[in-house]
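Make a model of the complete structure from these sequences and hints.
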Amino acid sequence: MSFEYTPPKYAQLIAELERRIDSGEYPAGSLLPSEHTLMAEFGMARPTVVKALGVLRDQGWIVTQQGKGRFVRGRPAIPKDQKARTGRELLDRTETQATSKLLAAGPVEAPNRIAAYLALEQKSTVVLRKILVERDGEPTEISGTWVPADVAEGTALAESADLRQGIRRYVESAAGVSLDHIIEHITARNPTLEERKLLGVKPSAALLTVYAVACDATGKPWVVVETVLPGDLHELEDAYPIR
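Heads up, the sequence shown is in UniProt numbering, so the first residue is 1 and it goes up one at a time.
Because the hints were derived from the structure by calculation, they are not lab data.
Quantities reported herein were computed from a predicted structural model and do not represent experimental measurements.
Built from N, CA and C at the ideal position, the CB exists for glycine as well.
Don't take each hint at face value.
As the list claims (entries may be wrong) - Below, a list of computed lysine-lysine pairs in the BS3-like style, where the Cα atoms sit at most 27 Å apart:
1. Lys202 - Lys130
2. Lys130 - Lys101
3. Lys130 - Lys197
4. Lys51 - Lys9
5. Lys101 - Lys197
Said to hold, decoys possible - Derived Cβ-Cβ restraints for the label pairs, each shown as a range:
6. Asn112 - Asp22: 32 to 42 Å
7. Ser23 - Asp58: 16 to 26 Å
8. Gly67 - Arg20: 23 to 33 Å
9. Ala161 - Gln66: 22 to 32 Å
10. Pro47 - Arg164: 38 to 48 Å
11. Arg20 - Pro107: 38 to 48 Å
12. Gln66 - Ser23: 41 to 51 Å
13. Ala156 - Ala40: 45 to 55 Å
14. Gly67 - Gln122: 49 to 59 Å
15. Gln165 - Asp58: 53 to 63 Å
The following block contains the structure:
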């Protein structure tokens, strides 16, 4: 079974430029290499480089000055009163922090979407932890964590007891890696029969599903956290610089 995974080229460039900024190789206030320089160094087409630089600008890593170029701002500061990004919060949340009921914990066959996110072959075995989260006595979300079987083997991830640390800590310890970034995918759909029963929603209800794929610095995926949210009970909010 192969765990080889190649992230999109623009994502590779984003990760490398963030690393260089964090390490001080590109200090705050310095001029970022030009598009042509980055194209030559990384062997990427201009649209790929422009896309990566646009993401870094939107996230606050760099700033563009008309006629002068792009300058490094440094790692974006997150205001104290701003919530963590959805995927990060899910990775760090412990099962004891919320009123929850464990629905499943053990090996299953990975759905095609999960196998693709984890760069696994179809029908590969993964360990699934699924919980129903309640607030004020009402079900508000279903959260599922999908981890490759060889990573979860011998850990608390496959056990029926509540996890007292966030998923991130268990995965990093078991795999011997440091999770570096998250790629989120958000979809909207109608509920399955099981979800209708668990969440108490109608067949026509709109559900939001957030897939948070956590990767190491090379872009290799290690865990997927899937959260199913009734659309009428949740609002997803994000904040980022416009400069």
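Checked hints:
Between Lys202 and Lys130 the CA atoms are separated by roughly 21 Å; this keeps the pair inside 27 Å, and the hint holds. A hinted pair counts as satisfied when its Cα atoms are at most 27 Å apart, and Lys130 with Lys101 qualifies at roughly 9 Å. A hinted pair counts as satisfied when its Cα atoms are at most 27 Å apart, and Lys130 with Lys197 qualifies at roughly 15 Å. Taken as a hint, the Lys51 and Lys9 pair is honoured in the structure, with Cα atoms around 10 Å apart against an allowance of 27 Å.
Restraint check for Lys101 and Lys197: satisfied, since their Cα atoms lie roughly 14 Å apart, inside the 27 Å limit. Checked against the given bound of 32 to 42 Å, the beta carbons of Asn112 and Asp22, roughly 35 Å apart, stay inside it. The hinted range of 16 to 26 Å is satisfied by Ser23 and Asp58, whose Cβ atoms lie roughly 22 Å apart. For Gly67 paired with Arg20, a C-beta distance near 24 Å keeps the hint of 23 to 33 Å intact.
The hinted window of 22 to 32 Å between Ala161 and Gln66 is violated, with their beta carbons roughly 57 Å apart. For the pair Pro47 and Arg164, the beta carbons lie near 46 Å from each other, so the given range of 38 to 48 Å is met. Taking the beta carbon of each, Arg20 and Pro107 are about 40 Å apart, inside 38 to 48 Å as hinted. Roughly 28 Å separates the CB atoms of Gln66 and Ser23, a value that falls outside the hinted 41 to 51 Å.
Taking the beta carbon of each, Ala156 and Ala40 are about 48 Å apart, inside 45 to 55 Å as hinted. Taking 49 to 59 Å as the suggested C-beta distance range, the pair Gly67 and Gln122 conforms, at roughly 51 Å. Checked against the hint of 53 to 63 Å, the C-beta distance between Gln165 and Asp58 comes to roughly 32 Å, which is inconsistent with it.
Hints 9, 12 and 15, counting from the list given before, are not met by this structure.
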